[in-house]
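The residues making up each chain are set out below.
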Amino acid sequence: MIRVEHLSKRFGNLEVLKDINAEIAQGEVISIIGPSGTGKSTFLRCLNLLDQPSGGHIEIDGQDILAPKANVPALRRRMGMVFQSFNLFAHLTVLENLTIGPVRLLAKPPGEATNRGLELLRMVGLAEKAHSFPDELSGGQKQRVAIARCLSMEPEIILFDEPTSALDPTMVSEVLAVIRRLARQGMTMAIVTHEMEFARDVSTRVFYMDEGLIYEEGPPEQIFDHPRRQRTRDFIGKVRSLSYQVSSADYDLYSLVGKIEGFCEKHLIPPRSAHGAQLLAEEALGVLLSRPGPHDIRLTLAYSEKHRHLELRLDSLGPPGNPLETTDLPDDLPLTIIRNYAEDIGYERRGEFNCLRLRVR
Amino acid sequence: MDITHSQHGSIRIIALKGRMDAVTAPLFDKAFAEAATPDASDFVIQLDGLEYISSAGLRSILMVAKQVKAKNGRLILTGLTDEVREVFHLSGFHTILRICDTKEAALAELA
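Heads up: the protein sequence lines correspond to chains Z and C, in order.
First residue of the first sequence: 1, per the working numbering; consecutive thereafter.
First residue of the second sequence: 1, per the working numbering; consecutive thereafter.
In isolation and in its complexed conformation, chain C is listed as follows (with noise of 0.2 Å):
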């Protein structure tokens, strides 16, 4: 997996391309911690290149939602593709993640 960053203002972006499996998903976790620098609280995660998520990947994610609540930021993810989207449906989590077409979309709405 592929995982790039940038910022918009106070904002982290983290770029996912690839799959998120039981393999990449501590991937993943390493560039949220380095992210994740004390004065970041909101945070978006561009989907858009992951053509594939297993629960390795939704629990990395979900982890990464209840450190950025327990610092009272913010998250959204964007640009899921119709796989991702499936799962993050029967699971539920787009129930209890917020969720954006696109990057565009995700910044102004925490700006």
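Isolated chain Z, as found in the complex (with noise of 0.2 Å):
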């Protein structure tokens, strides 16, 4: 149904789309989640060129959106879209909300309107609220009336940017039922989302934004419970991370150790596994930093709330192989300490980096 190739999107300087390539095939229901700042929105907004692409490719049922002869309000009609900040007309009653669309731009009979948005606030809950005005509802009373007007112009897909956002958290549940009900009925939706529950349980598949991509993709088992890239692993494990670069032997191990100190601290890591992250973090660069130059090392501290497990990672620029299985140093009291202090140690070549990861007792 929708086929993106290549998309970028720049704001002056400042590239949020990298490359995005992706399929939404009709009856699916696509969560995006990322951290913030990582183009989730931008991505949708793309979509229905509420965001005017920088390059690429955006095809829904074939015909390319971005080509000049596209007929875009048309399009755009067949997508719907709820926002974060519902964007009622406040002016209009709820039902006139509901109507107004379908009577001026599709050109339905008003009788016809009325009865269909009557309709869609039953099924959302709402219909008492029919002579209402918006600023007599709830955040999510809102929020449901949004979906509703959506609705009410008979779209194909529905684009969902942080529906529940900007709800205080008892509301957040009603819209989320909306939502599950769409999706049980097979509309075609994706949804930006900070809830990762909902996400996991009323989709068909999730994208993982990160660095301007969609930096891993699958169904819901898989980003959830399996992910197989550490960045969404850090994401769902809710990992907090510090890095430092080393490019020296002359690095400034104080102000390396004030940083871990700082963030074991901050995150109230217990004082024997801080003094652990420490000392591996002083071996593993000296090992590295044995080796000939030159050198780029970068060091990364990463605290999984979710599993309580402290990692320090070291990503060194090098030829291929283990750099702690292929040393020459005068004695091996660092590896001994690493050994030790480390309750587990892995390895692996990416690209031009040799990674290891040691796991802090």
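Please keep in mind that the hints were generated in silico from the structure rather than gathered at the bench.
Honestly, I wouldn't trust all of these hints.
Said to hold, decoys possible - Short, incomplete list of chain Z residues facing chain C, as computed with Cβ under 10 Å:
| hint | residue |
| --- | --- |
| 1 | ARG272 |
| 2 | GLU282 |
| 3 | THR336 |
| 4 | ILE337 |
What the hints assert, rightly or not - Partner residues are not named here, just some residues of chain C that face chain Z (Cβ under 10 Å, in silico):
| hint | residue |
| --- | --- |
| 5 | ALA22 |
| 6 | ILE53 |
| 7 | SER54 |
| 8 | SER55 |
| 9 | LEU58 |
| 10 | LEU62 |
| 11 | GLU86 |
| 12 | VAL87 |
| 13 | SER91 |
| 14 | GLY92 |
To be verified - Pairs of lysine-lysine, DSBU-like flavour, derived with a Cα cap of 30 Å:
| hint | chain 1 | residue 1 | chain 2 | residue 2 |
| --- | --- | --- | --- | --- |
| 15 | C | LYS71 | C | LYS30 |
| 16 | C | LYS17 | Z | LYS266 |
| 17 | C | LYS30 | Z | LYS259 |
| 18 | C | LYS30 | C | LYS103 |
| 19 | Z | LYS259 | C | LYS17 |
| 20 | Z | LYS306 | Z | LYS266 |
| 21 | Z | LYS259 | Z | LYS238 |
| 22 | C | LYS17 | C | LYS71 |
| 23 | C | LYS103 | C | LYS69 |
Just so it is clear, CB atoms sit at the ideal spot from N, CA and C, and this is done for glycine as well.
Both chains are given apart, each in its own frame, so use the hints to dock them into the complex.
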């Protein structure tokens, strides 16, 4: 139904979307998750051209919506959008909000539009509010009206941009219930959301967006239970991290120690583990820096709130091979310390980098 | 790392406080060199104030121990904190270096 190829979007010098490729088939419910600022809303807004893409192609049922001759209003009409901030017409009643679009844009007879509007309000549980004005409603009620308004235009796909983010937590469930119902009815939907349990329940597929890309996608079981890629794992595992770049043996050890101490304090990491993290950092860097240069080492200390794991990651440029197995050190003290203070050691090669993972005891 | 020197008769006492790592280990090397006058053969190194030691620190202590042994002297380490004791144990240093709980016990042994 929707095919996106090499979609990019830049705001001035800021490249928000780098190279988005995706397909959304009819009947699918796609949840789009990821850290703030990674382009989730921008992606959605490009799909219906609320934001103009900088590059790439978007096809809806084979029609390129970015082509000069594309009938953009007609294509847009097939897509409904529900916003974080509801965006109801404040000067119209709830029912009038639902009928104005069908009457003016779809040329529906007013009687038919009214009947359909009441039916939709019953569907979202707000028939009794038909003649109220939006400012008489709660946030959750406004959002349910917004969804009903969207449905009144008979869209083939609905885009939801954080539909519950502006709501009091007590109202989130009533809106999610409406969206779940639409999913059961087979509506094609793309939903940007921070509600992970909801996304897991309702989605056919999940897009994890990061670094301006769809970093990983798959069924909910994969994304939430067995993510394949590191940043997805970090996001799902609620991992907090600090990073430090080392490019010579003269690096500032005390700057690094200070950052590690501060990070551990902030996340209430026990002193024993904090001590272990410092020791592992110094010893592992010592091993890596003992090899011939040039040196390009990215050190990351990552704490998973979900699993309560503290992990030291060292990604170093160099010839392929586990640095802990290919050292030429004067003694084995560093390796002895590393093997004793790391309860798990992992290695993989990624591109030109050797990537070590040390789980701190 | 803070380093203080004292003496008990002919026994040289060096007290360390803070961290002994790749940056500060050379300071210890220098401090020992100053204390190791020709007439000095027995040494006590107090580690009560040492909260952290890495392989660089272990290496420096080992070098000092070898120098003392070469002169037929004696070296005792005292007051190991839990963190330092653990590193000593896993590196096997506790089997090759003499360790006492307190400075007084070390001085009594060297008397």
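Against which earlier hints does the structure fall short, listed by number upward?
-> none
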